[in-house]
Amino acid sequence: MKKGEKRSRGPRTAAEVMAELESDPTYLASQKALEVARERDIEQYQAAAREVIADLAKQGIVVGAIGDLCARARPYPEAVPVLVRWLPLVQNAELRADLIRALAVPWAGSAAPLLVREFEAADDPSGTGVRWLLGSAIEAVASQDISEEMLRLSMNRQYGRAREMVVLGLRKCGGERVIDALMTLLADEQVAGHAVMALGDLRAVKAIASIERFLGHSKQWVRAEARKALGKIARTEGRV
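When we follow this note's numbering, the leftmost residue of the sequence shown carries the number 207, and every step to the right adds one.
Calculated directly from the structure, the hints in this document are not laboratory data. Being a predicted model, the structure only gives us computed values, none of them experimental. Incorrect hints may have been included.
[Claimed, not checked] Pairwise CB distance ranges, derived in the manner of DEER restraints: (1) Glu257 with Thr442: 24 to 32 Å; (2) Ala271 with Trp427: 28 to 36 Å; (3) Arg367 with Met224: 34 to 42 Å; (4) Arg429 with Met389: 15 to 23 Å.
A virtual CB, placed ideally from N, CA and C, is assigned to each residue, including glycine.
Using the sequences and the hints given, assemble the complete structure.
This is how it looks when you write it as C-alpha cells:
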C-alpha cells in the first residue's frame, strides 16, 4: 500500500448496518409508524372478535382468539353455528380469515352453503387471498351434497387460482360427471395440476392418456403429481 492511501475496508457487518440505521431519524420514524400500525391492527382485531369469543364461551368453548380453535386437539362442532352466524357480519379482514380457517374442517359441513356464497361474493382479484382461503374451506367440507355448487365454481375461470382447492375437493364427490369436468379442467392451466391430483384420487381410468401428457409439464410439482396419479390408477387396475 502506498504512503497516504487509506486502508480499504471489507463489507460492513450486520451490526454496523443496524447501528447506522438506528441513528437515522427517517428509519426510526418509519419503524415507529409500523409499530403504531401493528398495535392499531391488534386492537381492531380484538374489538371485532370480542362478541364472537363471548358467543363461543356461551357454548362452553373458551378461547383467547378465534385462531385458537384451529390449535385444539379435538373437534369443535358446537362452535360451527357460532362461526357461521358471525362470518357474514364481520368486516375485519384478519378476523374473517380466522373464521374461515376455523370452518375449514370436516365437521363444518353445515357451513358449506355459506362458504360457497362467500366465495362467490369475495373481493379478491388476485385469486390468492380470501377467495382462495374460502376455496380451501370448501375443500375441507366437500361432499356430494354440494357437488353442483363445486362444479359451478370450478368451471368459472373468472375465479382464477382461487378454484384450486375447490377443484381438488371434487375428488370427494365422484361420479362420471365430476370426472368429465375434471378432464375438461386439464386444459385450464390455472387449475390443471389440482385436476390431475383429483383424477388420480378418483382412479379415473379413462383419464390416463390425458394425465400422461402432464409428465412433461414445465412445473416440477405438476409432473410429480401426474406420476402419482398414474400410479394410483395403475394399482387400481392391477397393473403394478
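28 to 36 Å as the expected CB spacing between Trp427 and Ala271, which holds or is violated: Given a distance of about 33 Å, which is inside 28 to 36 Å, the answer is holds.
Beta-carbon spacing of Glu257 to Thr442 - inside the hinted bounds 24 to 32 Å or not: Hint violated: Cβ distance 50 Å, outside 24 to 32 Å.
CB-CB spacing for Met224 and Arg367 relative to the 34 to 42 Å hint: 38 Å, holds
Consistency of beta-carbon spacing, Met389 to Arg429, with hint 15 to 23 Å: The hinted range 15 to 23 Å holds for Arg429 and Met389, with Cβ atoms some 18 Å apart.
Hint violations for this structure: number 1 only, all remaining hints satisfied.
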